[in-house]
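Hints given; two lone chains; assemble the complex.
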Amino acid sequence: MATLPPIRGSGTPVDEIPVQEGIPRLHPGGQGEFLDKIDQGEELLELNMGPQHPSTHGVLRLVLSLDGERVVECRPDIGYLHTGFEKSFESHTYQQCIPLTDRMDYLAPPINNFGFALTAEKLLGIEVPVRAQYIRVIVAELSRIASHLIWLGTHAMDLGATSMFMYCWRERDRILDIMEWISGVRMMTSFIRVGGLMADVPSEFVPMVKAFIADFPKRVDEYEALLTANPIWRQRTIGLGAIDAASALGYGCSGATLRGSGVPYDVRKAHPYSGYDRFQFDVPVGVNGDVYDRYLVRVREMREACRIVEQAVEGLPGGPVNTSDRKVAAPPRAEIDNSMESLIHHFKLYTEGFRPPAGSCYSAVESARGELGFLMVSDGGNRPYRCKVRGPSFSNLSALSQMVRGELVADVVAVVGSIDIILGDVDR
Amino acid sequence: MVDTGPVTVAEGRRAADHLRQAFGDSVKVAESCAQATVEVPPELLVPAAEELRRHPDCLYEMPVTMTCVDWPEREDRFEVVYILRSLVHNDLCRLVVRVADGQELPTLSILYPGLGWHERECYDLFGLRFAGHADLTRILLPDDWEGHPLRKDYVSFGEPVAFTHNLEWALSPQDRPEWMPGAVRGSVERP
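Going down the list, the protein sequences come from chains A and B.
Just so you know, this note's numbering puts 185 at position 185 of the first sequence, and the rest follows in order with no gaps.
Just so you know, this note's numbering puts 188 at position 188 of the second sequence, and the rest follows in order with no gaps.
Next up, chain B with everything else stripped away, as it sits in the complex (with noise of 0.2 Å):
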């Protein structure tokens, strides 16, 4: 899905072409329902950015928000979205970086102030973690949280319902009954 030839899209392409100019083949493009999404590496992530941002001929001046997308399968799990808006040229950009686990990413917080709150969002529920912000804690979930609940890893909610068949799988040793393999002494009386 991802290459690096012509862009075909109205939305988005302006970005996509300006980035591909400045910064070459490391940019690619991505095209989807009509709009282009443009990734870079993580080390151009600022100075695509700032060039976003800043340059007359892109002018994306609106934070409209910026999230992740968890494929845990991948090499680089996570997908993080930019979404950014000029209201010059009215367009949309979706800029897109690949990190995986346990890898900084800049912050854009100081290029636009509004992403600081999604950055906390994006270390909150993803557990991201951003370099250079000034106040990376939970924003959503209490302080003592475990866990990053939208991780595809993380269980929705519900806990495993135990069946006959599959005790095993739904109990650890210590809440097993005594009669089951790998039970726990006296752990649980058999009803």
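The shape of chain A in the complex, shown without the other chains (with noise of 0.2 Å):
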């Protein structure tokens, strides 16, 4: 296997990833040279891009300005795939709007999941358990392995790599297993609920997680294999669509995007929750911002994400998986038979739910594409009053139009696919 560049550890950029002799870099950073030249009353070509379009990852429309094969412009249109979750959730119960979550950003739904469920908490002010907080770690870090699988397989196949998409299915689809396991569904789990979670899970789940990191980092070797050294995707990816560190920040990048140009940031470094922070992990970091170092840093992330798994089901604690505040999780079945608080409670929850306390409250979840926040306000009552998502790749694709000006029109496919945007997250 060649030689890989050095893993990025937490936040302390490393040199330059040399460029190999005999390789012309296609993107010698000439933006600015170009963008002087043009403004000289030439006609600029539209160009619709999507939104029915493979490469747009969903229904994405981009409308370019071209001089030549040059984007002078790209002006990113959206809203095709708007549910209108926010106001779904004023009129569904806290729990009822766990299913809805999962449909925002539906290549990692158990994230959206936790993060919802983290806000609604903070509001209620109770705490999980420590093994519902540890099985939430894993199902989140598999969620994340599962989604950057499918961007690093579309990605690749969009320029041109088509066997990557075998590949990285074919890992995703075990973990898909796994989420099948436990919840009974393969993608929209609704498995990490307000107060715990769905169920415990069963014995079979353990050694199906040690199974599957024993095996992906090897996998993970593979795929840089692949591409990490591969000339032709060194050729694609080096010095195209840079975003530089203050304007990703100024744009509110955030995951991914923010990181590959240097940006230690990381929700779960920052502001650790459900106990992050009894994990060792790093924080892999960019130094460019350009397409090929967000993809260093989104496959670094896997290998992370596999460390965390490891560590949290070596460390996995025995013990009930939903709290124990009767007004928020519903009561064990055996106690209903002996008490009649109890069957009132289960009562209640199911009819009517619980009432947080008149308030509100932000917090984030480090999704898979970035800082992933809830922010609640609550009147008292039974719903949410108002619930506002703020969908990472939201943020993210409204830098687009810095990435990919100057840049060569076939060369949007490449940044869109860095970006790792899901349509789902975008207009919720």
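Read the hints as simulated data drawn from the structure, not as lab findings.
A virtual CB, placed ideally from N, CA and C, is assigned to each residue, including glycine.
Do not take every clue at face value.
Here are a few chain A residues that face chain B, going by a calculated C-beta distance under 7 Å [to be verified]: (1) N48; (2) K87; (3) L249; (4) Y265; (5) R355; (6) G359; (7) V377; (8) R386; (9) K388.
Away from chain A, derived, C-beta distances all over 12 Å, residues of chain B [said to hold, decoys possible]: (10) D25; (11) L44; (12) P63; (13) M66; (14) V99; (15) P106; (16) E146.
Calculated cross-link-like contacts (lysine-lysine; reagent style DSSO-like; alpha-carbon spacing at most 30 Å) [said to hold, decoys possible]: (17) K152(B) - K28(B); (18) K87(A) - K348(A); (19) K87(A) - K28(B); (20) K269(A) - K218(A); (21) K87(A) - K152(B); (22) K327(A) - K348(A); (23) K210(A) - K269(A); (24) K28(B) - K348(A); (25) K152(B) - K327(A); (26) K87(A) - K327(A).
Here it is in structure tokens:
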């Protein structure tokens, strides 16, 4: 296997990736020079890319103004997948909102559940048992890997490496098998609930996860052998779609899109939730903020996620998986037979739900795409008065126009792929 | 809930203390779930945001999101919330401005380019207007959409179901059967 660039540790950018001798750089970073040349009264070509375009990863429309092959301006047109989740939240009880959250970022649904549940728990002022915290972390990291696998497969396929897609799908299927085993559903699991989990995990869960993480790093090595040192891949991605740290921050980018530019911001490190501070892991950061660096960051993130899962499975404690607060989580079935109070709790929870005290709260989790935040306002009722979802893809996509300015039109698909948008997360 | 007493919580305290020092008593601070929310009058929005963005004690450089909460029964019905993050100080700040229906707010998209799209979303879903915004058009809904769906008085989905006891409420005069009070003659035949 070819030598890989060094792993980039927490917030310490390493030296620039050397470009191999004899490979011309397609993107010499001459964007400014090119942009100075236009604006001489020449007519620009308007090109519609999408909404029905295989490389836009959903229904995204880009209106491109072209000068020859170069992009002068790019105006993303979004909203084709707008579903009005935020309005729907207002007419559902908190627990009923969980299946809605699944459908926002549909490649990593448990992380959406996670963010919603954490925010509601903060409003309620409750904490979930340690076992539930561990299982939440395992499920979230597994779905992060699954999401990154889809990103890697489709991103590589956009640039012509078709076989990557098959390999990535193979590994992702094993994660979906685990999800199915614990929740009965492969994708929209609704496994993480307010107050804990849908149910405790079955006994097969730990061996399944262990088998997966024993195997997975070798698979990542294979992916990297196919792409990381591949001259064609490097030619197509190095120096392309670069964005500097200050601009990325100004656009509110987060996740690998921000970290690719060298900003070591990760919600799991900055504001540890659900016991992430118990686990050892690094936050990979890039240097140049180009497509290649974002690729490297995400591939390294898969390895780090694997490390977290490994530690969480090793240290998985016993105990209950739901809060003992009977006003929030339903009592066990056996308790209902003996206690009138439990029966009332059960009835009230399933007919009416719980009522957090009036107030508002913002909390965020690190989703596969960046900071997924929920601003929840309660008026003391059993439904959220207002729940704003801060979809990371929305902010990441707003920086796209700056990234593709001056690039070739054929490279727009590479840049769109590299910011890993999910239109369900953009449009909500 | 909103008061001018000392800030006790950790998150957002930096912003609250700083803005109070800079702008005095017009800055109000509310606390909820261990987070501070700083409320400023609309005319102080731009100076406050500039202070938060640039002052070395604050450096809230990342526009996380902005949104609006609609309280139709209040005089200033829209509570516009800006969520800003400082990576240097590892802090989160919630800046709140209250405006009445039809009242314009200055745009913050020049200071924070990332808020440009969020302001368009607020315009789209709440009908808020931002003075100075370069492209204040609908972003999520089609251009010809009527109304602003996240307002509380916008019926979320479905249509009123007509029962015998609520026909007058559910049906407009044109749709009422002839035998009903207020019906337009010959509009709907009786089944």
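Against the structure, the hints:
no.	hint	in the structure
1	N48	violated (16 Å)
2	K87	holds (5 Å)
3	L249	holds (5 Å)
4	Y265	holds (5 Å)
5	R355	violated (15 Å)
6	G359	holds (4 Å)
7	V377	holds (5 Å)
8	R386	holds (5 Å)
9	K388	holds (4 Å)
10	D25	holds (23 Å)
11	L44	holds (21 Å)
12	P63	violated (5 Å)
13	M66	violated (9 Å)
14	V99	holds (16 Å)
15	P106	holds (18 Å)
16	E146	holds (15 Å)
17	K152(B) - K28(B)	holds (26 Å)
18	K87(A) - K348(A)	holds (24 Å)
19	K87(A) - K28(B)	holds (29 Å)
20	K269(A) - K218(A)	holds (26 Å)
21	K87(A) - K152(B)	holds (9 Å)
22	K327(A) - K348(A)	holds (9 Å)
23	K210(A) - K269(A)	holds (25 Å)
24	K28(B) - K348(A)	violated (38 Å)
25	K152(B) - K327(A)	holds (28 Å)
26	K87(A) - K327(A)	holds (25 Å)
Violated hints for the displayed structure, listed by number in ascending order: 1, 5, 12, 13, 24.
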